[in-house]
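Q: Residue strings, one per chain:
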Amino acid sequence: MNFFGFGSGAEVEILLDGADKRKTVEHRVSDTRLQELHVYYDGESVSGAVNVGLKPGGRLEHKGIKIELIGQIDILYNRSYQDEFTSLTKQLTPAGILTQSKMFSFDFPNVEKSFESYFGCNVRLRYYLRVTVVRRLTDLVKELEFVVHTLSSYPENSSSLKMEVGIEDCLHIEFEYNKQRYHLKDAIIGKIYFLLVRVKIKHMELQILKRETTGLAQSAFHDEDTIAKFEIMDGAPVKGESIPIRLFLSAYDLTPTMRDINKKFSVRYYLNLVLIDEEERRYFKQQEIVLWRKGDFQMNSKARSFEEATKRFEKVSA
Amino acid sequence: MNGDLVTKRLDAPHQDLSDAYSCPANFLEIEVANPITHGIGQTGRYTDYEVIVKTNLPVFKLKESSVRRRYSEFEWLVDELERDSKIVVPSLPGKALKEQLPFFGRKKGIFDEQFIEDRRKALEIFINKVAGHPLAQNERCLHMFLQEKSIDKSYVPGKVRNT
Chain A
-13 MNFFGFGSGA EVEILLDGAD KRKTVEHRVS DTRLQELHVY YDGESVSGAV
37 NVGLKPGGRL EHKGIKIELI GQIDILYNRS YQDEFTSLTK QLTPAGILTQ
87 SKMFSFDFPN VEKSFESYFG CNVRLRYYLR VTVVRRLTDL VKELEFVVHT
137 LSSYPENSSS LKMEVGIEDC LHIEFEYNKQ RYHLKDAIIG KIYFLLVRVK
187 IKHMELQILK RETTGLAQSA FHDEDTIAKF EIMDGAPVKG ESIPIRLFLS
237 AYDLTPTMRD INKKFSVRYY LNLVLIDEEE RRYFKQQEIV LWRKGDFQMN
287 SKARSFEEAT KRFEKVSA
Chain B
1109 MNGDLVTKRL DAPHQDLSDA YSCPANFLEI EVANPITHGI GQTGRYTDYE
1159 VIVKTNLPVF KLKESSVRRR YSEFEWLVDE LERDSKIVVP SLPGKALKEQ
1209 LPFFGRKKGI FDEQFIEDRR KALEIFINKV AGHPLAQNER CLHMFLQEKS
1259 IDKSYVPGKV RNT
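Chains A and B supply the protein sequences, listed in that same order.
Taking this note's numbering as reference, the numbering of the first sequence is continuous, increasing by one, and the terminal residue is 304.
Taking this note's numbering as reference, the numbering of the second sequence is continuous, increasing by one, and the terminal residue is 1271.
Heads up, some of the hints might be wrong.
Here are the simulated DSS-like cross-link-like pairs (lysine-lysine), alpha carbons at most 27 Å apart as the crow flies [stated by the list, open to error]:
no., chain 1, residue 1, chain 2, residue 2
1, A, LYS186, B, LYS1261
2, B, LYS1116, B, LYS1203
3, B, LYS1237, A, LYS271
4, B, LYS1257, B, LYS1267
5, A, LYS271, B, LYS1194
6, A, LYS165, B, LYS1116
7, B, LYS1229, A, LYS188
Estimated spans, in silico, between C-beta atoms of each pair [as the list claims (entries may be wrong)]:
no., chain 1, residue 1, chain 2, residue 2, range
8, B, PRO1132, A, LYS215, 25 to 31 Å
9, A, ASP239, B, GLN1222, 53 to 59 Å
10, A, ARG65, B, ARG1191, 42 to 48 Å
11, B, PRO1132, A, LEU20, 46 to 52 Å
Since the hints were derived computationally from the structure, they do not count as laboratory data.
Every residue gets a Cβ at the ideal spot worked out from N, C-alpha and C, and that includes glycine.
Here chain A stands alone, though its shape is the one from the complex (with noise of 0.2 Å):
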């Protein structure tokens, strides 16, 4: 804030250890605007600096100096509200004057960081580092905002989905994907084979939908959205007819799944295939798969061994 003739003239900004060789990505902060932010995993530290510049000649007069590592999750619908769940707090310096611009660095060790970062319909998570300069009358705040990815890792031939499901005496079909799980830049490989089709089929295609709910189970608020639609038959099959399914996921803008985190949110996927009759009548069949990130072959020794220390074995659920 420099408002002429008023304040101090301060300028504050924060700076991390390690910028130039740490991984950036692309995310959403706002419902018009992506922007570049560093990554950390869960485990890492993180430290930096922060460079409070002041005009040649001026002064500022404080109560004190902070810097806080926060991660919240704010929920955007009935009455919103935001949950703090990670506050650190390091003081920077305590009450005192500056006549020159002073450089302070801080560090807040092995920060514990289990959510992954998530901009959505209803709820956000995010992380950010917020500096406190307080004054007599308005402090100085300053905030930089970073991504947090969490890493899985799973065992590589994880057992295929096959499921025969149908409308009895009228439409039998046995489909099958590859994987239950598939990593955000998998390709999900599939077939559908036809045992009885009584019905006038039109087309079909294949659905990635990903359902979002906010809120505890009677309250629960959930917001669906398609995120790919792919035809993957034009045409009549017939019985015996197997139709082939290649969906390549890093097209499309996936997260991770995630379940109920911190109890207040969950982010579900779901492969929907749709057949569609010559009455534009649909059969479908909704099939919820597992998306987990999986740690970048181009990483250092170092951020290696973050990945080691955070890798997720879930149970599987039957």
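Given the coordinates of chain A, work out where chain B should sit on it, guided by the hints.
A: Chain B only, in chain A's frame:
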């Protein structure tokens, strides 16, 4: 680097040639044709249509059938399906009350050729939509409408099981 990204198609059972080239199992065609106006004079006149079914679906008892039905019997079918089945029943062409008044509508009212032809086409679209619905195919009223000589309005509504 992407060696683990296997995009090879999944194995699929080979399709039997007789399955591939035989008549499809979903054959169902219904024609609404040959409108005939019965009766003479001012009262008691009505038009009925021939409803011809050709199918190979096992749920229909007769693979070919032909019955005569009038508009009020189509209305009966709509009422039965709306009550008993969970489907959203498509709409019938209009009841044409306006056409039956002396000064409105066409020259011969509901016995005008163009009116009958428009109605015939719409009834054909209607019955094909309904008969192709897997849930409607389970209703006794639909089978009675399509394949029995006359509709017994005191029938016992119920479901048809595919044996």
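Q: Now look at each hint and say whether the structure bears it out.
A: Okay, the hints, checked on the actual structure:
1. LYS186/A with LYS1261/B: violated, 31 Å
2. LYS1116/B with LYS1203/B: violated, 58 Å
3. LYS1237/B with LYS271/A: holds, 22 Å
4. LYS1257/B with LYS1267/B: Judged against 27 Å, a Cα distance of about 20 Å means the pair holds.
5. LYS271/A with LYS1194/B: holds, 19 Å
6. LYS165/A with LYS1116/B: Roughly 14 Å between the alpha carbons, so the hint for LYS165/A and LYS1116/B holds.
7. LYS1229/B with LYS188/A: holds, 22 Å
8. PRO1132/B with LYS215/A: 25 to 31 Å: Since PRO1132/B and LYS215/A have Cβ atoms about 27 Å apart, the given range 25 to 31 Å holds.
9. ASP239/A with GLN1222/B: 53 to 59 Å: At 55 Å between Cβs, range holds.
10. ARG65/A with ARG1191/B: 42 to 48 Å: holds, 44 Å
11. PRO1132/B with LEU20/A: 46 to 52 Å: At 50 Å between Cβs, range holds.
Violation of the numbered hints given earlier is confined to hints 1, 2; the remaining hints are satisfied by the structure.
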